[in-house]
Every structure is written in C-alpha cells, then in structure tokens.
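Going down the list, the sequences are from chains R and Z.
Residue numbers are given in our numbering: position 396 of the first sequence equals residue 396, and the series is strictly consecutive.
Residue numbers are given in our numbering: position 35 of the second sequence equals residue 35, and the series is strictly consecutive.
Don't read these hints as lab results, they were simulated from the structure.
Every value quoted in this text rests on a predicted model; they were computed, and no experiment measured them.
One thing to keep in mind: the hints can contain errors.
Straight-line distance between alpha carbons at most 35 Å, and here's what the computed DSBU-like set of lysine-lysine pairs gives [stated by the list, open to error]:
1. Z:K86 x R:K189
2. Z:K298 x Z:K208
3. Z:K95 x Z:K208
4. R:K96 x Z:K117
5. R:K99 x Z:K270
6. Z:K46 x R:K162
7. Z:K117 x Z:K46
8. R:K162 x Z:K117
9. Z:K191 x R:K177
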Amino acid sequence: MYIRTQMGHQDKKTTTKASATERVQLGLAKRRRKEERFRKLSFAAVLLSIGFLVLLFASIISNGWPAFQRTDILLDVHFDQKVLDVNSLVNANYGKLVKQAMRDVFPEVTSRRDKRELYRLVSSGASYELQKMVTADPTLIGKTVSLWLPADDLTDMLMKGKIDRSLPEAERPISNKQIQWIDQLIAQKRLKKNFNTTFFQAGDSREPELSGIKGALTGSLFTLLVTLVLSFPVAVAAAIYLEEFAPKNKWTDLVEVNINNLAAVPSIVFGLLGLAVFLNFFGMPRSSPLVGGMVLSLMTLPTIIIASRASLKAVPPSIREAALGVGASKMQTVFHHVIPLAMPGMMTGTIIGLSQALGETAPLLMIGMVAFIVDVPGSVTDPATVLPVQIFLWADSPERAFVERTSAAILVLLMFLISMNGVAIYLRRKFERRW
Amino acid sequence: MKKTLLIAACLLLASDVWAGGRDYVSIVGSSTVYPFATTVAERFGKTSSFKTPKIESTGSGGGMKLFCAGTGIDSPDITNASRRIKKSEYDTCLKNGVKEIVEVKVGYDGIVLANSKKATRFNLSKRDIYLALARIVPDPKGSNGFIENPYTNWKEVNASLPDIKIEVMGPPPTSGTRDAFDELAMQGGCKTFPWVKALKKSDKKKFKTVCEALREDGAYIEAGENDNLIIQKLEANPNALGIFGFSYLDQNADKIQGAIVDGVAPDFDKISDGSYSISRSLYMYVKKSHAEVVPGLKEFLAEFSSDRAWGDEGYLSEKGLIPMPEEERAQVGKTVKELIPLQL
C-alpha cells in the first residue's frame with residue numbers, strides 16, 4: 001500500500017527512475033527501523049512479564065520455603081502416674097508433663113517469672129501430642145520417653161533467622177534469657193529443624209506451628225467434586241442439545257447470548273444467589289462444601305458449555321453424514337461418533353472451568369465458607385473452607401509466623417492448579433484427533 | 001447413570017445430615033474478637049470431646065445481622081462484637097424471635113495509632129487527632145463556625161508535631177474498630193472545643209457529623225480490614241500513621257511504634273488500667289435458647305470464661321487481649337454461668 005502511493009506520487013511529479021529507487025530505498029531503511037523498534041518493544045514486553053512472573057515466584061518461594069520445616073525440641077517426658085489418672089485420660093493435665101520435662105533440662109531456672117518464659121519455648125501443641133500418644137497406648141504411663149515435640153513459633157522464627165538477635169530486648173518478641181536458653185538447647189543438640197509434616201496433616205490453627213493445610217485442601221477437593229458432579233453432566237447435556245438437536249431460531253439465539261453473558265457475570269453475584277436460594281430458601285447447611293460446590297458449578301456451567309459447544313463444532317460434518325448414511329439414528333450418531341471425538345475438548349473445558357472455581361473466594365464469602373475451621377471435613381456437609389480462603393485468613397493473622405505459611409499455602413494452591421492444567425494438557429494430547 | 005446415582009446419593013446424604021441438627025457451635029462476628037475466639041475454640045476442640053466451633057469473621061455489624069435473623073439450628077449461636085449491641089439491633093433481634101440474649105464482656109482492646117520505627121514517635125492529643133482527620137473543623141480564626149479541613153501537615157495542626165504530610169491509614173466504616181475510633185478518639189478530640197461540646201445538647205445530628213465524619217481528600221486512607229497490610233505499608237512509608245487494634249502492635253513491636261495519646265503510651269498495663277484513653281470493650285452475645293440444643297455451647301462458654309483463658313496470665317492475654325479486672329471477671333463469669341439475659 002505504502003509503496004504504491006509513493007509510486008503514484010512520483011508519476012505525477014514525473015521524477016526520474018533513479019531518484020524513485022533512491023526514495024524507495026530511503027523509505028526502506030525507515031520501514032526497517034520501524035520494524036526493528038516494534039520487535040524490540042514487543043520483546044521488552046515479553047521480558048517484562050517474564051520478569052514479573054519470576055519476581056512473583058521468587059518472592060513466594062523464598063517466603064514460603066521455610067514453612068516446610070519446623071523446629072522441634074527433644075524432651076525426655078516422664079509419663080507420671082500421679083498426673084495421669086487411667087480413668088480420666090482426657091482431662092489429665094498434659095501440660096504439666098511438658099513443663100516438668102523443660103524444668104529437667106534447665107534445673108537452674110527457679111523463679112516463677114522465668115519458668116513462665118521458659119515454658120513459652122515449647123508449643124502448646126506439645127501437650128495435645130502427649131494426650132494423643134497416651135490415649136493410643138496407655139502402657140506408656142510410668143515410663144520416660146525421649147520425644148521430639150513442636151517448639152513455639154517464636155523459637156521457630158529465631159531458628160530460621162526471622163527474628164533479629166541484634167535488636168534491643170524490648171523490641172524483640174523474645175527475651176535475652178530465652179535466646180540464651182535456645183542457644184543452650186542448640187548446643188545440647190535438643191533443637192532441630194525437621195520436615196513439617198503437621199503442615200500437611202492438620203487443619204487450621206491459631207498457633208502457626210500447629211496449623212496445616214489439610215483441612216482447606218480437603219475442603220477444596222470436596223467442593224470441586226460437587227462442582228464436577230453437578231456441572232459436567234448438565235453442561236455437556238446443554239451443549240449437545242444446543243449444538244446437535246436444537247432448531248436454529250430466535251429462541252436458541254437468545255439462549256446462546258445469555259450463556260455467553262453468564263460467563264462474564266462477576267462471581268460474587270453467584271454467591272448472593274447461593275445465599276438467597278440454597279441457604280435461605282432450601283435451608284441447606286451454611287459453610288458446607290455442598291453449597292460451595294453448587295454455587296461454583298453455577299459459575300463454571302457457562303464456561304464448560306461454551307468449551308463443549310466449540311469442541312462439538314470442531315467435529316467435521318462428514319463424520320455425522322457418514323454415520324447417518326449407514327443408517328444410524330440422530331441419537332446414535334451423536335453418542336457413538338460425535339461425542340467420543342469431542343470428549344477431549346469437553347474435558348479440557350471442564351478442567352479449565354474447575355481450575356477457575358478452585359481459585360474463587362468471593363462467592364464463598366456469602367455462604368459462610370470464610371471461617372475458622374479446625375476439624376478436617378469428613379463429608380460434603382461438614383463445615384469447610386477452601387485453599388484460597390485459607391490463604392486469605394492466614395494473610396490476615398497477626399502472628400508473624402503466618403507470613404511464611406501464607407506463601408507455602410499459595411505454593412500448594414499453585415501446585416494443585418498446575419497439576420490440574422497438566423491433566424488437561426495430557427487428556428488433550430492423548431485423545432485429540434486431527435484431520 | 002452412575003453420575004445420577006452419585007448425585008442422588010450426595011443429596012440423600014446431605015438431607016440426612018442437615019435434618020439431624022448441628023453438632024458444633026457456630027460463631028460469627030467481629031474481626032477484632034476473631035483471634036481470641038478462635039484461640040479458645042481451638043483449645044476447646046482439642047481438649048474436650050466436643051467438635052471445634054466454627055467461627056466466621058463477618059465484622060460486628062454483619063455478625064449482628066446474621067445473629068438477629070432468627071432462632072433455630074441454621075442461625076449462629078454466638079456473635080462477637082467489638083462494641084456494644086445497638087438498641088436498633090436489639091429490637092431487630094426481638095422482632096425476629098431472638099428473645100433472650102446473654103451479653104458476655106470478654107475484655108478490652110486498645111486502638112493504637114502507630115508509625116514505623118524508622119520515624120520519630122508521635123506524641124498526640126485527641127484534639128490533634130481530631131483536627132488532622134475530621135472532614136470539617138472549627139474555624140482556626142476563632143469564630144464559632146466550621147470550615148473544610150485546611151490542614152495538610154502535622155505541623156499546622158500543632159507546632160510541636162513533626163513537619164510531615166498528614167497521611168493516616170485506617171479501617172473502613174463497616175469495621176468495629178472504626179466505630180470505636182470515631183467515638184473515642186474523634187469525639188473525644190471534638191469535645192475539647194467547649195462550644196462544639198455544647199452542640200451535642202442542642203443539635204445532636206450536627207454534632208455527630210461534625211465530630212465523626214473523616215476527611216475524604218486523601219489524608220485519611222481507608223485501608224480495608226487487613227491490618228497486616230497496613231503494617232506492611234507503614235514499613236514502606238515512614239511518614240504514614242496507621243490505625244488498628246493493640247494486638248497487631250503487640251505482635252509487630254520490632255517494626256512499628258504506637259503513638260503516645262494524651263501523654264500515655266499504648267501498652268498492656270496502661271490499657272488494662274484504663275489510663276490509655278482510646279480503648280474499648282469486646283463482647284460476645286449468646287442465644288440462651290440454643291444452650292440446651294447445641295452440644296458444647298455451655299462448655300465452650302465455660303472455657304472462655306475460665307481463668308486459664310481470660311485471666312491475667314491466661315492464654316488470651318498472650319494473644320493480645322487485655323483482661324478485665326478480677327471483680328468484673330467474676331461478675332461476668334456469673335452471668336455466663338447462669339445465662340442471665342440482657343435487658344436494654
């Protein structure tokens with residue numbers, strides 16, 4: 001286009017042929033420069049976005065990595081018969097055993113105030129662990145056992161270098177004496193950083209060292225299961241009807257426009273709908289993965305319908321015609337020939353819809369899934385929370401040790417997402433047919 | 001076919017469970033009480049044979065709305081509040097059949113204005129706070145009229161304050177912290193002008209707008225309910241001040257410092273004995289009718305009001321709750337034990 005106008009211009013002016021080439025060549029350099037500039041700019045854009053991505057991952061990983069380790073204290077716990085009454089093992093004072101064990105390590109600590117500070121080095125979770133052990137095996141009573149018990153989150157933070165020792169005592173959450181004791185414990189090899197199994201085995205907790213992701217992970221799984229069970233059959237059926245059976249008229253056009261619009265509705269709206277319909281009208285249990293899954297399936301339905309319709313459209317008409325030609329009914333054509341070919345696309349769409357649902361918090365806020373829940377849910381009607389909500393709740397907690405756990409939870413969520421997308425890619429590769 | 005069966009099974013299971021009632025305590029309400037309520041709930045769940053209570057952080061106002069929506073197993077048993085129940089909320093409760101509400105005072109919380117340790121510590125009076133943050137302030141020229149807040153620098157508010165732009169991050173109006181801040185700090189500062197104080201009697205509505213409306217020209221920044229975010233921003237910007245609950249200052253004492261208000265620095269003892277003036281009471285409201293129905297509710301309340309929880313050296317004080325004096329604890333403890341309903 002550019003060249004042609006230039007030439008036309010030249011004709012009118014009746015310039016010589018040589019100077020025309022010259023002008024074209026001049027323009028050529030300019031065009032090359034333009035292209036070069038555009039290329040560099042777009043390359044810079046790519047670099048910038050990769051840079052941000054690297055920065056994001058680096059900060060999350062460097063913040064979250066330490067959360068996969070936890071400091072434990074080695075204590076010689078004497079399961080004292082006087083403290084543990086066989087008849088009421090539930091109500092026994094297990095904290096006393098832990099305190100006694102700490103006093104045995106530091107016999108020189110005598111004043112009441114110092115003892116309180118000393119006990120703070122161990123997590124309050126240590127006594128729960130003892131309780132669990134004794135309930136499981138009452139023959140322990142009367143014995144002395146060396147155990148690795150969880151340390152307090154402040155001890156943990158100091159071990160990980162998150163608390164600056166050089167600060168004046170008043171500005172540190174941990175006192176000089178406590179640091180001295182911790183150093184003694186390290187010298188006696190009684191403090192060790194172990195792999196944090198609690199993080200994968202426990203539900204939420206107010207004590208960072210006892211908190212875990214299992215509750216939220218299970219909640220997410222249950223919620224996604226309900227979403228999948230509800231949205232996949234409905235969406236696929238809707239897509240098949242619209243694509244294969246429905247007559248093309250104004251009515252189906254209207255339905256199509258509405259489905260596309262629904263896909264763009266902000267997710268909080270679905271939460272409000274869930275609150276009004278599922279909770280207030282049907283009286284379903286608040287905070288349950290059942291209701292969460294129902295709300296999220298409303299949200300993912302349009303996504304899956306659109307993806308399924310696209311993959312049905314991509315099946316060439318010759319397949320249908322061939323099936324019809326050998327005498328198959330419309331139904332047989334669709335179910336025996338079209339759907340198997342469209343299935344990989346439908347499944348990919350479903351998984352993408354589900355990964356979108358996995359990251360949602362806004363609609364769940366309205367139906368009470370943003371809550372502090374300790375017990376790991378056992379069914380779809382138990383109160384539960386989901387991974388992104390757990391991240392939000394930890395990010396909002398005052399304790400410093402939750403910062404690393406927030407990042408660690410983000411890592412778990414990302415792994416979950418990446419593996420789901422991996423499955424989508426695998427399915428597509430495995431079953432995709434090309435013509 | 002398989003899927004239909006699965007759905008049917010799911011629904012059957014679900015209907016079966018929620019017809020049977022609830023076997024855990026359901027709690028909603030204030031995000032300020034949330035850290036304390038969750039601590040008690042967790043201990044309770046781990047040391048008793050009952051399930052761990054479920055706690056939603058909805059804000060004081062949102063909690064009241066859910067709490068007062070009705071009685072019955074699908075409504076919450078307890079709502080937490082960082083202020084007292086309002087008369088209007090109480091009336092809504094009564095209208096919806098929530099007749100007997102037990103009020104449990106939990107303890108105190110201080111509201112602090114804090115800035116980064118890199119900057120100098122502020123020494124404010126409530127009047128300074130009011131003049132720096134109110135939308136309209138008394139005319140500095142002396143006439144008994146109001147003008148739009150003209151101050152942009154702390155030095156203009158009070159010559160003894162540092163030469164820094166006014167920049168304060170705080171909670172949005174839905175927060176209980178904001179309610180308490182408006183009432184205690186802003187109104188407190190407002191009342192230091194005698195003729196404005198007189199307005200309270202003559203024109204209550206005007207008094208409220210004059211004293212409690214915060215400026216909207218960017219000097220006061222609503223930073224959302226996430227107090228950790230405010231702390232991060234304070235670290236990055238040493239000139240800014242932040243408003244939040246004492247427990248956040250307590251946990252981040254190495255990064256931020258609380259401003260001295262009316263000559264008193266916010267610390268544990270000063271808030272506890274009442275000499276730090278911007279402090280408020282925290283409450284729990286319990287439905288008496290649920291005490292017999294929901295398993296574990298009474299026991300949970302007993303755990304909350306035990307000395308090892310809310311006592312002077314209890315585990316809640318480690319989380320930043322400021323305990324009530326012993327006599328008051330005994331008195332509230334009695335209300336809890338006998339479930340004496342509130343009369344308004």
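Hints versus structure:
The suggested pairing of K86 (chain Z) with K189 (chain R) is violated, with an alpha-carbon distance near 57 Å, which exceeds 35 Å. At most 35 Å may separate the alpha-carbon atoms for a hinted pair to count; K298 (chain Z) and K208 (chain Z) exceed this at roughly 40 Å. Straight-line distance between C-alpha atoms of K95 (chain Z) and K208 (chain Z) comes to about 28 Å, which keeps the hinted pair within the 35 Å bound. Our distance criterion of 35 Å between C-alpha atoms is broken by K96 (chain R) and K117 (chain Z), whose separation comes to about 39 Å.
For the hint pairing K99 (chain R) with K270 (chain Z), the CA-to-CA distance comes to about 31 Å; that is within 35 Å, so the pair holds. Between K46 (chain Z) and K162 (chain R) the CA atoms are separated by roughly 29 Å; this keeps the pair inside 35 Å, and the hint holds. Between K117 (chain Z) and K46 (chain Z) the CA atoms are separated by roughly 39 Å; this puts the pair beyond 35 Å, and the hint is violated. Distance restraint check for K162 (chain R) and K117 (chain Z): the Cα-Cα separation of roughly 17 Å lies within the 35 Å cut-off, and the hinted pair is therefore satisfied.
Distance check on the hinted pair: K191 (chain Z) and K177 (chain R) sit about 47 Å apart at the alpha-carbon level, beyond 35 Å; violated.
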